[in-house]
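Student: Got two chains here, each in a separate frame; can you build the complex from them with the hints?
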Amino acid sequence: MGSNLTDITIYIALVVSTLRMATPLILAGLGGVFSERSGVVNIALEGIMLISAFMGMLISHFTRAPWLGVLAAVVSGIAVASLHAVVCIKYKSNQVVSGTAINLFSVGFTGFMLRKVFEHAGQSPPVPKVADWTIPLVEKIPVIGAMIGKHTPFVYISILAVIVSNFVLFKTKLGLRIRAVGEHPRAAETVGVDVFTVRYLCVLLSGALAGLAGASLSLGFLSQFRENMTGGRGFISLAAMIFGKWTPYGTLRACLLFGFADALQILSQTLGLTFIPRDFLLMAPYILTMAALAGVIGRSVPPAASGIPYERQK
Amino acid sequence: MQRCLASLERGFLTLEVSTSTPVVEMRTITVRFPGVIANDNVTLDVYPGEILALLGENGAGKTTLMNVLYGLYKPDEGEIRIHGQPVSIANPNDAIKLGIGMVHQHFMLIAPFTVAENIVLGVEPVNVGGKLDMDKAIHDVEELSKQYGLVVDPHARIETISVGMQQRVEILKALYRGAEVLILDEPTAVLTPQEVDELAVIMRSLVRQGKSIIFITHKLREVIAISDRVTVLRRGKCVGTGETENTTQEELAQMMVGRKVVLSVDKEPVKTGDTVLSVQNLHARGSRKLPALKGVSFDVKAGEIVGIAGIEGNGQSELVETLTGLRKATSGHIYVNGTNLANSNPRALIEEGVAHIPEDRQNRGLILDFTVAENFILRNYYKPPFAQGINLDYRKVHAHARELIEEFDVRTPSENVPVRSLSGGNQQKVVVARELSGEPQLLIASQPTRGLDVGAIEFVHRRLLAQRDQGKAILLISLELEEVMSLSDRILVIYEGQIVGEMTPDEATEGELGLLMAGGHAKRGLHSEGSEQSGQFRQGSAELP
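Line order of the protein sequences matches chains A and B. So for the first sequence, our numbering puts the first residue at 1; every next one is plus one. So for the second sequence, our numbering puts the first residue at 1001; every next one is plus one.
Quick caveat, the hints were computed from the structure, so don't treat them as lab data. Don't take each hint at face value.
Each computed DSBU-like pair below joins lysine-lysine, with the alpha-carbon atoms no more than 30 Å apart [as the list claims (entries may be wrong)]: (1) B/K1136 to A/K173; (2) B/K1074 to A/K173; (3) A/K173 to B/K1146; (4) A/K173 to B/K1131; (5) B/K1289 to A/K245; (6) B/K1136 to A/K92; (7) A/K90 to B/K1074; (8) B/K1131 to A/K171; (9) A/K90 to B/K1097; (10) A/K245 to B/K1136; (11) B/K1097 to A/K173; (12) B/K1136 to A/K171; (13) A/K171 to B/K1146.
So these bits of chain B aren't anywhere near chain A, every CB distance computed over 10 Å [to be verified]: (14) E1142; (15) T1160; (16) T1371; (17) S1421.
Some chain B residues judged to face chain A by a derived CB distance under 8 Å, without partners named [what the hints assert, rightly or not]: (18) N1093; (19) M1102; (20) L1132.
Heads up, the beta-carbon is just placed ideally off N, CA and C, and yes, glycines get one too.
With the rest of the complex left out, here is chain B (with noise of 0.2 Å):
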């Protein structure tokens, strides 16, 4: 058997161990939204017992072909074959009943329900008198958790649990519906690495017991450590299929992105100079009121990349909003350069060279009506050269915007279109470009590459080393754990709105980070270099003997 031909050309693929019908044959299917061809006549098995990881980067169509499978989508060509049956989805309604169940990336759970509600809404068990059986919904709930080893609370409302058990209820959602074949649609994207392994383990334990997973990801590690096989998918194309076994990271990396991807990133050694950024004890509170910033205390030099790992909600928002001055702080300092600007406003933070990349672009960092050259003066329109008197000097704001699409790549048919019509990559770059242009002292990023694709991923990456090599301070936020080991000089741990350990990426391990993202403590001594003004930061160490 030989699919998605297009592969060929790759060299690796196509061989198949197993000689049983297809669960799933998806026959090339094409999707055309307006302007885009979302799926390109991809094709695509899924085997009885067997975990497909469907890799590609971000718009390659993973999803808008998961979609299709599960009804929300109509395919404008194409076949799909259940068990060797032609069959026709119409809506979820059609997918469940074919046995075809789907965890997606946003979970598609409701918050003040309870675990046993979200499970069974619609296909809710009820009494002889139309009366919904709760009772009978959480025996079942309790009996389906305990044949698949996933541990729920059938009781608890869905915001008050964790997203681990969050992620094991939306599987459960599915079993409960029958499903024999489960698409999980980037289900790591939101766990801390132990988690991501307590995944995997029920992942394999679901196939042993007969079920199909097909598992959505760009992140070619998990490809490897987790699935049988892989289909890879580039712009809507399939461009290989295959046993995981006979590819490598690298192999993948190349059919996904399309060109030589390097995986890992060069650094200078670190040359650091004065503290630019320091925050001492540092409190505010969350948009519930409650304290989102506990004691907050840490430094950032020139010269160095500070990352702050942690799990989403532990306050990295906050600490970003307070440094930028978009919260207040309840008390604390904050000195850039030695001036104390906490609960300045960000204009003032601007002037003494603060550079803020947000981590929402589409709401904070761009106006998506504006165009790409307003965007550009967002920072600085106020002053010449663009301020002239009360009026904008148009032909400078747009010689600025050139220059800047020139030096920063990015792709746009002028200056003059909506910011809301580039791609996020290039949105990314319009933001990335305007905070780098005023030559900042201090860089503030904030997920600087969430929901980018590899290629763009990369190039934020540059810059960001470039900023450190020329000496610039920056604090580095992100929920990708990779991303902070890969770029950070020295890596904070963010917990419950308080550092809770420091580590240098040489000596830390994505284990003892998650141990300490998730509230844990260190299995060795952590680092507290420069935190004599605290106890903060050795409280993740104080526990230990």
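Chain A extracted, bound-state conformation (with noise of 0.2 Å):
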């Protein structure tokens, strides 16, 4: 089993698991960034990804087409965020118990349709999937090639979205408002800052994005939608996100470790790691976390205003 370590494959299999496991995380996880920095606490990523999963599945099954199933995973994503939204921003409710509620019903929901469509229990027949993009001239490098050259295209389009997202973020006067709206939204509505327009925009996005991590589990990495086949994965990505304190870069770099974690529980028998119960690699995300929250690795400050819901006075 030594051996196997001086073997150049093992790591490319390493750096491969990586970030197949983090890409869901990465996309749901900004998702996490931009509504929670404009205020709104979305623990529904994780219903969100699991519905958009089975509908992205679902027009994939129809029309034969996986792009047009992306789509309605992005479509179905923002459709639930919007129900989220109303409920947090017009009704001003308890932002986790409305995202608790979504879901606890996007299990019923997924299940039941499951079963509905497919009169099969478990899992979807499966679907086309997204094809995988190769990367020209990056494919040709050895070893680098191997590892980064081709992949389902939901990875390219994670890292890319975390760099569209920071600079949006950071860099734009969007960006700017959506975290001052986080931060103290009085403050904003008194220069002209729409706040509720901004919670908004940041909620749906997060739908939108967490829809794409859904539809990268059902079309890109499998081509059939499971029960439950999110797994938590809305709720890690909310941990990166706290892991990243809210930043996209942050919010990237807890992914990518977590992903690795993961890989490692994956590979453990190959790279001989058998002396660690795997459950121990399993939880490693989760024992991160805590630390982080408890402030081992520096302070992670959350959005002043996040979680509670605005009201315009009078």
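Tutor: In structure tokens form, the structure reads like this:
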């Protein structure tokens, strides 16, 4: 087993696995960043991902066009998020309760629809998935090419999304306003920023990103829907967002770390890590998150108005 | 021109110097809130290049009126004209476009943002590519800062700068948006006397450059010192308007309150007894785990009021919490009648005769959803006559409540209403009544008049003095320098968790106290009676020649 460690393919497998495991977390985590930066806690990411994974699969199944499936996943993500947005922003209800309700609903809804449409429990039949992308030139580089030259498009989209999100949040006036609204909405309103519009926009955007994350599961890495296939990834992505201090790059790093822990666990046999029980490796992300929350790795301060419904005066 | 006709009865008013058109005319503005008329037919004019003081008690409707002008509230009736043109102001954006800027009492600044980011928020300069142009923002802020003499550091984060600078940032924010009319809502409440002077200079220079300022306040002295004209509101109505130089503090006070008010506090000469509270070398940490009290020592004797003056956040809250058992002391002693009670629990302190009027009555002083009667027994509900075994004797609780309501003149429909439904002044009366009814030996009063109107302030002050005259020891912590100076028999100044000076009210001037509060040194030697046990008292004077 030890000799495996000198074999370059094991490292390639490790990087590929890390990226694969991290991708849905990155997309959903960015959704979390936008939502919370604007002041709305979105623990519904888990449920949005699950519904989107299902809807994406469904449309791909009927149209045989996987990219239409992806579009359907994004649209349904936005639709579910709009529910959360209206409940939290317009009706000012408790954001965690609303999110929990959506999460519980999503499990029942997708399970029910699966049986209804396919008369089959557990999983859907295989559907067309989106084809992998190869990056010209990069693909040819030895080792590196094998690591990052050919992946499902979602991997590249997620990295691109991080770069764009960071630019939007920290280099544009929209980003300044989003952050202002999440820190001190009244201050933002007194200088003419429309708090409600900004929050709706951010929550819907988080739905779109979580929708993409869902599509990456059922149309990117797999080519079918499985019941409860998100398996807590929505929550892990929130943990990554916190771990990453509500920044896109921080979230990316945290997701890669969590993805790496997952990859280690998957490859533990090959890597000769059998002396560590797999469960411990599975636990790592959660323990790291708790450590982050407890302030071990620097203070992680949430946006000041996160979770607090905004009410205009009078 | 005559305005504010209701005020004619008062005699003082309505000579207008200016023949130019007002920049702002607010005509017959009425704002109704559920159950209250916040503004009742109010009329107000502002002329170019003047400072108009808008005077009134808390709840008189000053801020409401200004929120109407700034588009935060919609008036139910009335009209606003800017430069003679009728306008409709539906939101702050409209107000900003019309050249109206507002500096809110609670600053509307985003703590983790830089000064420049705060100033440009909402009207951000962008590059061709849609990228935020922070270089231009910083440049613009520096230009503006130079033009109006408002010194700020555009790169500094708000959370790291002084309150005075935060206020300048707020003013720059309005100017950056092209404000011609600046509304300053209680701008002096958070400032030291020196900073107030600086602000007055800034305000003068702004009006010289053609701006107009509406200056909301309830402090008479500042009206006289700073404003050109004054408009007085009482209970939502305009009760007078006119030239500042034609009026006096006394006249303004009477208009504001609606009856004659005694502005000065009459005190019996102090007769001190034994030392009741002796604090020795007390250390404690603040909520961020940083040292908040760094060796505080002082005594309070029976029959005297010791006032602690200081700017907010210099350890006052931590001191009160440590003295009342709500915060752990890391070292030091708190002797009450000779017993060391440092790190005792609050009940032990209550049993020892310590009463506490907390600074935040709504969170610390009262349980808002409990009835008035229940709030009256929070200190001693566990003892007879209220507690009978595991039951509460509600007949006695109610009888007790009715007595206190009578004695302390609490305006409430009955003792059975939730204390939440009472006005701020009456809520504070409930706290004061409860704390004084236990016949305390030591009363710790932390900002006992915060947010109260003149009438209620008078009430609290009289009660505190009565306690003192009965031989109780009183520790008064207040951010209002005037309050500390008028009530105290000795004044201690706290700065960064240390007592940096001691004075008697006769020898203290606001200027000197202000300097000490800001961490400077007094011009002359400090008194240090009773400071033998500690070197801390002399800290302020040690540097003197």
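Student: A separate judgement is required for each hint: does it hold in the structure or not?
Tutor: Hints versus structure:
no.	hint	verdict
1	B/K1136 to A/K173	holds, 13 Å
2	B/K1074 to A/K173	holds, 29 Å
3	A/K173 to B/K1146	holds, 25 Å
4	A/K173 to B/K1131	holds, 7 Å
5	B/K1289 to A/K245	holds, 21 Å
6	B/K1136 to A/K92	violated, 38 Å
7	A/K90 to B/K1074	holds, 20 Å
8	B/K1131 to A/K171	holds, 6 Å
9	A/K90 to B/K1097	holds, 28 Å
10	A/K245 to B/K1136	holds, 28 Å
11	B/K1097 to A/K173	holds, 19 Å
12	B/K1136 to A/K171	holds, 13 Å
13	A/K171 to B/K1146	holds, 27 Å
14	E1142	holds, 19 Å
15	T1160	holds, 15 Å
16	T1371	holds, 27 Å
17	S1421	holds, 20 Å
18	N1093	holds, 4 Å
19	M1102	holds, 7 Å
20	L1132	holds, 5 Å
Comparing the model with each earlier hint shows a violation of hint 6 alone; every other hint is respected.
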